[in-house]
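Following the hints, put chain R in place on chain C, whose structure we already have.
Read top to bottom, the protein sequences are chains C and R. This note's numbering puts the first residue of the first sequence at 90, with every later residue one more than the last. This note's numbering puts the first residue of the second sequence at 90, with every later residue one more than the last.
A hint or two may mislead.
If several chains are the same, the list does not tell them apart, and a pair holds so long as it fits within one copy or across any two.
Unchecked claim - Derived lysine-lysine pairs resembling BS3-like cross-links, with alpha carbons at most 27 Å apart:
| no. | residue 1 | residue 2 |
| --- | --- | --- |
| 1 | LYS190 | LYS176 |
| 2 | LYS190 | LYS146 |
| 3 | LYS175 | LYS146 |
| 4 | LYS175 | LYS190 |
| 5 | LYS146 | LYS176 |
In case anyone wonders, no lab produced these hints; they're calculated from the structure.
There are 2 protein chains.
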Amino acid sequence: MSDRLPLCPISRTAMILGSRWTAQIIRELLDHGPRRFQDFQDALDGIAPTTLSNRLKMLEESDVVAREIYETHPPRAEYILTAKGKKMSAIIGAMRDWGVKYG
Amino acid sequence: MSDRLPLCPISRTAMILGSRWTAQIIRELLDHGPRRFQDFQDALDGIAPTTLSNRLKMLEESDVVAREIYETHPPRAEYILTAKGKKMSAIIGAMRDWGVKYG
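Looking at chain C on its own, in the form it has when it is part of the complex:
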């Protein structure tokens, strides 16, 4: 993240999607619903746990992803898309279409 908020809405969106893996984390949640940390780890081949943790934290801070704790034994945490995060499906869909044809 930059130290100043960009005024351009495209740039604000690019800041969230821009870091490597963030678009794929959102895609996992769009395609499969709530996911545990380990689910991302399994699906995103090659992501380092610290990187995944940082990306999820950034997405939580941007209010794109939320973390839910279930009071099971042991407690279980799942990541879900917020309403704002779900609205990213149009962008992710357009990115997928372009990448399949031209990427």
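Chain R only, in chain C's frame:
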């Protein structure tokens, strides 16, 4: 750019759009047509010339942007979107919509 080609089409697209300023460079070309280096410099407030130069080079290497030289005196160079680059308009439009509402 990463040292390996990601297999996921979303990730391939994210690699192009992911660096700060690249989405805004493509938006400038979509909104205004051919642009000179100085045009980007004026429009993208705060971009360093070396960063702009690196981003344009990366977009040329990705075949999203092309550079045209006109044999005027002095010669003039303009950047244009390739056919592949023009097809990014759906993504940039979706990013703009999301950024205006939620970014």
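Checked hints:
For a Cα distance limit of 27 Å, the shortest separation of LYS190 from LYS176 qualifies both inside one copy, at 23 Å, and across copies, at 10 Å. Taking the shortest Cα distances, LYS190 and LYS146 sit within 27 Å of each other only across copies (22 Å), while inside one copy they are farther apart (32 Å). Taking the shortest Cα distances, LYS175 and LYS146 sit within 27 Å of each other inside one copy (17 Å), while across copies they are farther apart (34 Å). Taking the closest pair of Cα atoms, LYS175 and LYS190 come within 27 Å of each other both inside a single copy (24 Å) and across two copies (13 Å).
Taking the closest pair of Cα atoms, LYS146 and LYS176 come within 27 Å of each other only inside a single copy of the chain (19 Å); across copies the shortest separation is 32 Å, beyond that limit.
The structure shown violates none of the earlier numbered hints.
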